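Chains as they are written, first to last, in our numbering: chain E, 238 to 604; chain U, 238 to 604.
In short, the hints are calculated from the structure, not lab data.
A quick note: this is a predicted structure, and the numbers were derived from the prediction, not measured.
Positions of the beta carbon are idealized from the N, C-alpha and C atoms, including for glycine.
There could be a bad hint or two in this list.
[Unchecked claim] In silico DSSO-like links for lysine-lysine, alpha-carbon gap of 27 Å or less:
#: 1; chain 1: U; residue 1: K345; chain 2: U; residue 2: K369
#: 2; chain 1: U; residue 1: K365; chain 2: E; residue 2: K369
#: 3; chain 1: E; residue 1: K345; chain 2: E; residue 2: K369
#: 4; chain 1: U; residue 1: K365; chain 2: U; residue 2: K345
#: 5; chain 1: U; residue 1: K345; chain 2: E; residue 2: K369
#: 6; chain 1: U; residue 1: K365; chain 2: E; residue 2: K365
#: 7; chain 1: U; residue 1: K345; chain 2: E; residue 2: K365
#: 8; chain 1: E; residue 1: K345; chain 2: E; residue 2: K365
#: 9; chain 1: U; residue 1: K345; chain 2: E; residue 2: K345
[What the hints assert, rightly or not] Stretch-level coverage of chain U by chain E, calculated; a stretch enters the list once three of its residues show a Cβ under 8 Å from a Cβ in chain E:
#: 10; stretch: 292-300
#: 11; stretch: 307-319
#: 12; stretch: 325-331
#: 13; stretch: 425-437
#: 14; stretch: 480-490
#: 15; stretch: 506-514
#: 16; stretch: 589-597
There are 2 protein chains.
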Amino acid sequence: MRKNEQMVSGNAHPTSTNGIGVGMATDISEQPEAFARLVAPGSAARIAEVAAVVAARRPRHVMLTARGTSDHAALYGAYLAEIRLALPAGLGSPSTVTLFGTQADYSKALVIGVSQSGRSPDLCELVKAARKSGATTVAITNEPDSLLAQNAELVIHLDAGVERALPATKTYTTELLALLMLIEGVRAGDGRLPEPEASFLATLPELAARLLEDDGAEPIASRLRFVDSLVITGRGYGYPTAREAAHKIMETSYLPALAYSGADLLHGPLAVTAPRVPVLAVVGQGPGGVAMSEVVARLAARQSEVTVVSSTDVAGAHDRLHVPGVDERYSPLLDILPLQRLTLALAVTRGNNPDAPEGITKVTPTR
Amino acid sequence: MRKNEQMVSGNAHPTSTNGIGVGMATDISEQPEAFARLVAPGSAARIAEVAAVVAARRPRHVMLTARGTSDHAALYGAYLAEIRLALPAGLGSPSTVTLFGTQADYSKALVIGVSQSGRSPDLCELVKAARKSGATTVAITNEPDSLLAQNAELVIHLDAGVERALPATKTYTTELLALLMLIEGVRAGDGRLPEPEASFLATLPELAARLLEDDGAEPIASRLRFVDSLVITGRGYGYPTAREAAHKIMETSYLPALAYSGADLLHGPLAVTAPRVPVLAVVGQGPGGVAMSEVVARLAARQSEVTVVSSTDVAGAHDRLHVPGVDERYSPLLDILPLQRLTLALAVTRGNNPDAPEGITKVTPTR
C-alpha cells in the first residue's frame, strides 16, 4: 500500500501552499467522515459484538499496549476502563515479553493492542503471548489483515482510509472512538450503547466538522513560530490529548514539547515553564477541568503564557482554542482536532513539511 | 521536620562552592550508607516479612502508584514485577479515584504506593480505596508515620535519613532498592533473598561508593552547560533511569529534557535529536542494552552526539559515564548515581541552586 501518496483534495487546508502539508490537512479534514463510518449501524454492530464477547468473559483487569501515537489512544482507553468499568487498567510494556521473554499470566485480563498498521512486532508478540495465557485479546487497527489482527481473538477495524501524511491524525481519533465504543459497550453488557453515549456518537461527526471549520488554531500557530520549546498539560481524560499534541508538534516541528499531567507538573517541572516557554493546557468540562483550572492559575501567577483548549474562558489564560462543551469523557475525540491543525500550521510556518517529517516512518519495526 | 536545612559535611562535592549545591552533594554522597542500612539484617528481615505476606496472598496483578521522582521508581517496580514475578503490572492513575470517584475492584491486586513523604493526598486515597476493595497494599516511604503508611496494610521504611536538597536523590535510590528487595522476596516466596540477589545486595554499598568517587560526570556537565535541550533514552530497566535523569535535570537546570524509551524514540521523536541536541543513552548489560546499542547506532548515523551510561564502550558514542557492569536488573540502582552528579554539576555551572530550585516543594499536595 502506498502510505505516502499525496492527494490534493478539495478539502485542502488554507495554510497549505505549494502542496506542503496538503496530505496532513486532508487527513485532518476527513475525520468527521471517519467518525461517521465508525458509528454507522453496520460498524457499530460489529463493535457491539466484540464488546458483548468481552463483557461475557468478565475480565478482572485491562492491559493496553501500543507505541507512538497509538500509545496516547491506549492511555485514553486505560482511563475509560478504570473510570467506566471500575477495572484496574494500565499500559503494558512489550519489551518484557520481547526482550526478557516473560510469560505472564493474563488469564483474567482484557488485553487490547492498538496500532494503525498492526505491524509493530513487539505488540504482535505481546498480544500473542497474552492470548496464549488465556487473555481476551482485542486488536484495534486500520489494517484488519495485519499480523496484530491475526494474533488477537477479536478485531475492531478503524476503517479510517489511507493516511496520506506520515504523522497519524485520523487513525488516532478513530482509535479513540473505537475504544470509547468498545468500553462503553462492555459497560452496557450486551455491547449496545445506551444514552447518553448513543446520542453523543450520533452528533460527533457534525461537532467535529463544525470544530474544524472554526477553531482559531492558525493565529496561535503563527504566534508560536519562534518558540524554542513548549509545555503541554492536561489531567485525567485531558492528559492523553496533551501527550498526543506534544508528540505531533515534536514530530513535525522538531521542537522539544514536554507533556505533563497537571498534577505531575506541580511536582517538579513547574520551573521549566519560565515566562519564555508557552504552555498549552487542556481544560475540560468536569473534575479534570476543575483541577486544571487551578494549574492554569498557578502558571499565570508565574507569568506563563497559557493557551487553553476549552469550551469556556479560563481565568489566567492568555488565549483559547475553542472546542465544544461536551462531557470530559468525550473531549479527547474533539480537543485534539484544533491541536492537529495547530501542529500543521506551526510546521508549515516554520518551513517544515508535515506530510513527511524527518526521522519518522509509518511502520516502525521495534522489538 | 526541617526538610530544607543545609548541612555542610565532609562529603561536600567538589563542584559545590559557596555552599551552592552542598545539600544535594551530601544527599548524593550518603547513598552508599543508605543502601547499607536497608540491606542490613534487621531491615532486610522486615522487608522479607512484608514480602512473605504478599507472596502468601498470591496476587494476580500489580499496580504501583506514585508521583514525581517516585513515579520513576514505581516504573522500575512495574518492570521487576512483570519480568521477575510474571505478573501483569502497571502504574495506576490516582485521579481516577480522587477526581472521578472510581471504586475499582483490586481484590486480586498487589498495590504499592511509593512516596518519600507519604503525604500526597491522591496516593493516600488510592491506596485506601484499593485496600478497602481487598488489595494487598504496601507503602514504601521515608516517613513510616505518614498517612500513606497508615493507609497501607504493610509498610517498608526507607530509612534514608533527612534529605537536605529539594530534588530527591537518596530517597529515589532507596525506593528502587526497597522495590528490588520486596519483589525478589515475593519471588522467593518466603521473602528471603536467594543467590545471586543476596550477593549483589551485599556488594551494592561498596559498588555505589566506588562509583561516586570516579564517574566522569563533571567534564560532561561542563560540556552540556550551553545546551538548550536534551534527550535521554533507555529501554527496559534503563527507561526509568532515563525518565528520572530527565526529571532531575529539568527540576534543577530548567532545561527541556525529553525522556524516551529507545523504542518510542524510533517511533517519531527521532528528528528532535538534531545534531545540536545532545543525547544521553542508558545502555545496560543485557537484552535492553543490546536493543539500545542499535538506538545509539541510529543516533550516531544522524550526527547526534551521544553520551552513554555504560560499563563498556558502545559503538557510535561520543563519550561515556562509566558504571559497574552488573545485571540489567540491578543497574537502575547504580546508573542514576553519575546522572545525579551530572545534574548537580550542570545546575551549578549554569548558576542555579540545585538545593532549592524554583518551582518545587518537598511535598506537593495534588489530588
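How the hints compare with the structure:
1. Annotation: proposed proximity of K345/U to K369/U holds, straight-line Cα distance about 12 Å (limit 27 Å).
2. Of the supplied pair hints, the one linking K365/U and K369/E is violated, its CA atoms being roughly 34 Å apart against a limit of 27 Å.
3. For the given pair, K345/E sits about 12 Å from K369/E by alpha-carbon distance, which is consistent with the 27 Å threshold.
4. As the CA atoms of K365/U and K345/U are separated by approximately 15 Å, the hinted pair is consistent with the 27 Å bound.
5. Pair hint K345/U plus K369/E holds up; C-alpha atoms about 21 Å apart against a cutoff of 27 Å.
6. Between K365/U and K365/E the alpha-carbon distance is near 35 Å, which puts this suggested pair outside the 27 Å criterion.
7. At roughly 23 Å between alpha-carbon atoms, K345/U and K365/E fall within 27 Å of each other, so this suggested pair holds.
8. For the suggested pair K345/E and K365/E, the alpha carbons sit about 15 Å apart, so the restraint of at most 27 Å is met.
9. Restraint check for K345/U and K345/E: the C-alpha separation of about 10 Å stays at or below 27 Å, so the hint holds.
10. With 3 residues bearing a CB less than 8 Å from a CB of chain E, the stretch 292-300 of chain U meets the requirement of three and the coverage assertion stands.
11. With a cut-off of 8 Å between beta carbons, the stretch 307-319 of chain U has 4 residues touching chain E; three or more are needed, and the interface restraint holds.
12. Counting residues of the stretch 325-331 of chain U whose beta carbon lies closer than 8 Å to any beta carbon of chain E gives 7, which meets the minimum of three for the stated coverage.
13. Proximity of the stretch 425-437 of chain U to chain E, defined as three or more residues with a beta carbon under 8 Å from a beta carbon of that chain, is not established by the 0 residues found.
14. Coverage of the stretch 480-490 of chain U by chain E holds. Counting CB-CB distances below 8 Å, 3 residues qualify, and the rule asks for three or more.
15. A count of 7 residues in the stretch 506-514 of chain U with a Cβ less than 8 Å from any Cβ of chain E is obtained; the coverage claim is therefore met, three being the minimum.
16. Figure legend: the stretch 589-597 of chain U, annotated as covered by chain E; annotation consistent (4 residues with Cβ-Cβ distances under 8 Å, at least 3 required).
Consistency with the previously given hints fails for numbers 2, 6, 13, ordered from lowest to highest.
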